[in-house]
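K.L.:
Take a look at the letters that make up each chain.
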Amino acid sequence: MAEERFLSDEFVSQLTAVGEVDIVVGLPTFNNRDTVQRVVNAILVGLVKYFPRQRSVLINPDAGSKDGTTEAVQAASIPDFRAVLASSPLRTMHVVSARYPGVQGESEALRMLFAAADLLGAKACAFVSPDLESITPEWIDALVQPALKDGFDFVGPIYQRRRFDGLLVKNLLHPLIRAAYGYQIEEPVGREVALSGRLASYFLSDQSHREDFPGLGAFEWMTTAAMAGGYRVCQAFLGPRVTASKRSALDLNTAIKEVAGSLFRCLEIHQSYWLSRQKCEQVPTFGFQPVLDLDPVRIDRKRMFQMFSSGVDDLRPVLEQILSPGTLEAITAIAKLEERQFRFPDDLWAKTVCEFAASYHHSAINRDHLLQALTPVYRGRVSSFILENGRAGSEDVELKLESLRQEYERLKPYLIENWNRKVR
Amino acid sequence: MRTTSSSPDSPSGMPAPGADPLWYKDAVIYELHARAFHDSNGDGIGDFPGLLQKLDYVQDLGVTTIWLLPFYPSPLKDDGYDISDYTGINPAYGTLENFREFLEQAHRRNLRVITELVINHTSDQHPWFQEARSSPDNPRRDWYVWSNTDDRYRGVRIIFKDSELSNWTWDPISKAYYWHRFFSHQPDLNFDNPAVVEEIWKVMQFWADMGVDGFRVDAVPYLVEREGTSCENLPETHDVVKFLRRRLNEKYPMIFLLAEANQWPADVRHYFGDGDEFQMAFHFPLMPRMFMGVKLEDRKPIMDILQQTPDIPETCQWGIFLRNHDELTLEMVSDVERDYMYDMYALDAGARLNLGIRRRLAPLMDGDRRRLELMNGMLMSLPGSPVLYYGDEIGMGDNIFLGDRNGVRTPMQWSGGWNAGFSAADPERLYLPLLSNPVYGYQTVNVEAQRRTDHSLWSWMKKLIQVRKSTRAFSRGGIEFLQPRNHRVFAYIRTLGNDRVLVVNNLSRSAQPVELDLRAFEGYIPVEMFGGNPFPRIGRLPYLMTLPPYGFYWFRMRRL
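Chains H and D supply the protein sequences, listed in that same order.
Going left to right, the first sequence walks through residues 226 to 649 as my numbering numbers them.
Going left to right, the second sequence walks through residues 3 to 562 as my numbering numbers them.
Just so you know, these hints were derived from the structure itself, not from any lab.
The structure displayed is predicted, hence computed values, not measured ones.
Fair warning: there could be bad hints in the mix.
Said to hold, decoys possible - Here are the simulated DSBU-like cross-link-like pairs (lysine-lysine), alpha carbons at most 30 Å apart as the crow flies: (1) H/Lys374 with D/Lys302; (2) D/Lys56 with D/Lys471; (3) H/Lys527 with H/Lys625; (4) D/Lys244 with H/Lys274; (5) D/Lys163 with D/Lys204; (6) D/Lys163 with H/Lys274; (7) H/Lys274 with D/Lys302; (8) H/Lys625 with H/Lys504; (9) H/Lys374 with H/Lys527; (10) D/Lys297 with H/Lys374; (11) D/Lys204 with D/Lys27; (12) D/Lys253 with D/Lys27; (13) D/Lys244 with D/Lys204; (14) D/Lys163 with D/Lys297; (15) D/Lys464 with D/Lys177.
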């Protein structure tokens with residue numbers, strides 16, 4: 226079968242002009258004109274400040290913006306670096322924008338960036354979101370340094386989160402990945418990551434599952450594939466992640482479908498790795514974590530509980546095909562509690578997730594329906610988590626989360642058992 | 003009154019009919035030290051009779067002007083820049099009569115000669131200083147800058163920071179401090195004193211009457227001091243220059259002044275005045291950026307500095323160079339750039355001196371013939387009169403262990419024989435030891451060997467100079483930068499009237515493709531200037547070219 230030609234002639238021409246580089250910074254965009262210039266400036270200053278001698282290029286794969294985003298990227302420049310830094314750049318700063326073909330999606334943009342990194346022989350490749358309001362030049366240093374100079378293949382982010390922010394990551398993704406893959410990685414769907422050149426080349430060559438991971442799932446796949454592939458993984462403190470575009474609570478269905486669905490798919494792809502993985506190791510962590518407590522995210526806990534309660538009731542026939550009888554009974558029981566007494570214990574939650582993952586693997590029901598059914602159950606978990614930790618400080622919350630992670634680890638044999646069980 | 007004159011312009015020394023007062027714009031300058039070039043009397047020190055014997059060589063190379071480093075009587079604590087007699091010849095180099103004869107023979111070969119005018123300071127052994135220090139009442143007391151304390155002119159930078167702690171030195175004889183911007187044995191003259199200015203003019207007249215064609219004025223920015231300033235580039239300094247230039251114009255209109263002002267281009271611009279100060283000034287900031295560009299494989303540093311370079315009066319010219327008798331100065335770069343240069347070119351800390359690198363061109367280029375050619379190609383094609391340092395035409399090496407800047411001032415290597423053909427003396431008597439390592443030693447790198455083959459660096463340099471001189475677009479033309487997307491390619495057009503030359507340089511160690519936007523020259527035929535081969539006619543599409551590693555092309559654009 227002929228190899229696919231997916232880079233446009235114009236893009237290749239621009240890359241040829243850039244030539245060999247040490248660092249690629251990828252900035253996928255789609256209608257981000259209002260925010261992208263600040264992000265570009267932060268990247269350029271970061272490159273000049275922290276990597277003044279390295280050859281670098283900022284590549285902007287664009288999904289077909291109609292608001293002048295790529296023009297804004299090209300126009301973003303720092304007229305006099307000496308106003309920001311002590312000196313001017315040593316090297317020509319390259320900024321390349323190109324439309325990527327196909328359907329808008331992270332995986333297409335990433336593929337383009339993998340190809341560019343491979344073609345240019347980049348030693349490190351970082352990805353940054355175009356709607357970041359909190360990015361600083363130091364993010365570039367934090368992401369690129371470990372890949373470029375310290376021999377790491379994958380650099381994940383650690384964000385300084387507000388309390389109750391990222392609960393899906395904290396209650397499901399992080400602990401399940403930790404238990405299964407054996408790495409304590411904080412942000413498995415971090416959108417600001419960096420790769421070594423060799424990992425980018427590997428991802429370029431392994432595009433077989435590209436279409437399985439829409440949206441954020443692409444990042445999840447990268448994270449888990451790096452771990453499963455035996456690549457050196459680390460993470461770096463970046464700071465608060467504040468974006469211009471806010472996800473609404475109504476997007477939870479989509480979030481769970483993308484994120485949890487991608488994770489369950491990753492578990493399938495990498496099962497030969499994690500089923501036999503015994504240990505759980507800490508991931509080298511770089512950077513400085515501030516202790517400043519951010520204001521908590523406001524969540525309508527009561528509404529969450531109500532949606533959980535009604536959801537469990539409405540979806541009982543579906544849940545019966547996913548969960549074991551014991552787990553379902555336990556969930557049903559807590560769904561009937563008064564809201565103030567409601568608790569969704571760690572062990573029950575972890576067990577629920579494990580059963581959902583196994584049922585996904587066995588395609589117990591249509592996978593989309595399965596993931597939809599997870600949503601109300603997750604809402605119950607969130608409601609309980611907030612009720613339990615509403616007045617707790619950051620350190621206490623962290624202790625509770627660590628306890629949850631250990632519960633997941635304890636239940637790994639249960640996950641394996643369910644994963645491997647013969648389906649009648 | 004002119005005692006002797008043998009200017010190439012006319013026997014009388016006045017401009018010959020049709021003589022071009024802007025001759026310096028077309029000059030290819032060859033910098034050398036009489037001491038280092040050739041020894042005629044076997045005392046181990048080069049001299050003027052010896053230099054005279056090598057004038058045919060200099061002429062054959064193709065350069066047009068010789069710049070002589072200081073040859074005046076001197077204690078030689080700063081290689082002759084510490085002068086104790088402005089109107090004499092250091093006896094080790096010969097006599098005034100030897101100099102006159104050398105000058106005449108140079109002029110017969112159409113070689114002009116420029117000499118050093120080191121007027122910012124003298125040696126502390128100069129009779130002027132000896133008198134000045136003898137008593138506060140001495141008539142020459144005010145010829146230098148004295149102070150009862152070392153508090154004056156606070157904060158002024160120290161130039162020779164590796165060897166001096168202060169710009170003031172206590173004189174135990176005079177019981178006062180004297181000011182010196184360079185070594186402590188080089189007290190600064192006081193240019194606020196009209197008598198000093200007059201005396202300097204007399205010195206200039208002395209050499210002008212003898213027939214020299216120009217003066218390279220050393221350390222110009224530091225002539226005058228004022229409290230609360232950096233004591234550099236002061237308006238009063240420009241007044242002194244304007245005065246001397248005016249006098250020169252009146253009496254010796256063909257003689258030109260070349261400023262050594264190691265400053266940013268915008269500051270050097272002032273030394274051209276309105277065409278009433280220096281005719282030429284060295285472009286110091288360009289030089290390290292050429293080295294940076296080749297190491298970075300990026301035209302950015304070179305282009306940036308050239309784009310920042312202000313226009314100069316029509317009668318003026320930049321002097322551009324790669325190396326000279328001093329360290330490769332890194333004063334006019336940022337800290338980041340300096341660190342980069344040190345890491346790339348002077349990893350051995352022994353190669354670093356003051357704020358610079360004391361290495362010759364060839365070792366800086368790792369002996370890479372391609373890079374040597376590229377650098378010289380840029381030197382000969384960028385705007386300005388190129389200055390070639392003696393020995394660089396054969397790729398001479400250096401010896402950083404000789405102390406100060408002596409490592410780049412070793413004897414010229416003429417042959418692989420006794421003392422490299424430099425001197426008949428015992429080798430131990432040479433003023434500096436010869437280079438003798440297997441890579442750059444005189445047995446390997448010498449004129450005699452290189453003149454035997456058409457493919458040597460020397461032969462190539464000769465050809466390069468010849469091609470450069472074939473068009474005035476290089477020496478007097480404007481420059482327009484092309485900015486192809488490939489940043490590793492540095493391309494520009496030099497234009498003078500209908501004469502157009504396209505220069506394309508590959509700064510990279512790997513072969514490079516480049517598409518040039520030459521639509522403005524649609525229909526022209528580029529003719530490669532070294533081989534004379536025509537290239538495809540330029541059309542409307544981008545002109546695709548490929549260049550070998552460190553390769554460059556010069557194309558004369560023909561419309562036929």
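K.L.:
Run every hint past the structure and note whether it holds.
P.N.:
Status of the hints after comparison with the structure:
Taking the CA atoms of lysine 374 of chain H and lysine 302 of chain D, the gap is near 25 Å; set against the 30 Å cutoff, the hint holds. Straight-line distance between C-alpha atoms of lysine 56 of chain D and lysine 471 of chain D comes to about 22 Å, which keeps the hinted pair within the 30 Å bound. Pair hint lysine 527 of chain H plus lysine 625 of chain H holds up; C-alpha atoms about 21 Å apart against a cutoff of 30 Å. For the suggested pair lysine 244 of chain D and lysine 274 of chain H, the alpha carbons sit about 44 Å apart, so the restraint of at most 30 Å is broken.
Straight-line distance between C-alpha atoms of lysine 163 of chain D and lysine 204 of chain D comes to about 33 Å, which puts the hinted pair past the 30 Å bound. Distance hint between lysine 163 of chain D and lysine 274 of chain H is fulfilled; the C-alpha atoms sit about 28 Å from each other, no more than 30 Å. Between lysine 274 of chain H and lysine 302 of chain D the CA atoms are separated by roughly 17 Å; this keeps the pair inside 30 Å, and the hint holds. Proximity of lysine 625 of chain H to lysine 504 of chain H is assessed by CA-CA distance (about 22 Å); at most 30 Å being required, the pair is judged to hold.
The suggested pairing of lysine 374 of chain H with lysine 527 of chain H is violated, with an alpha-carbon distance near 49 Å, which exceeds 30 Å. The suggested pairing of lysine 297 of chain D with lysine 374 of chain H holds, with an alpha-carbon distance near 21 Å, which does not exceed 30 Å. Taking the CA atoms of lysine 204 of chain D and lysine 27 of chain D, the gap is about 27 Å. The hint holds against a cut of 30 Å. Only pairs whose Cα atoms come within 30 Å are accepted, and lysine 253 of chain D paired with lysine 27 of chain D is accepted, the gap being roughly 21 Å.
A threshold of 30 Å between alpha carbons decides the hint, and for lysine 244 of chain D with lysine 204 of chain D the separation of about 16 Å falls inside it, so the pair holds. Only pairs whose Cα atoms come within 30 Å are accepted, and lysine 163 of chain D paired with lysine 297 of chain D is accepted, the gap being roughly 27 Å. Taking the CA atoms of lysine 464 of chain D and lysine 177 of chain D, the gap is near 56 Å; set against the 30 Å cutoff, the hint is violated.
Figure legend: structure checked against the earlier numbered hints; hints not met, in rising order: 4, 5, 9, 15.
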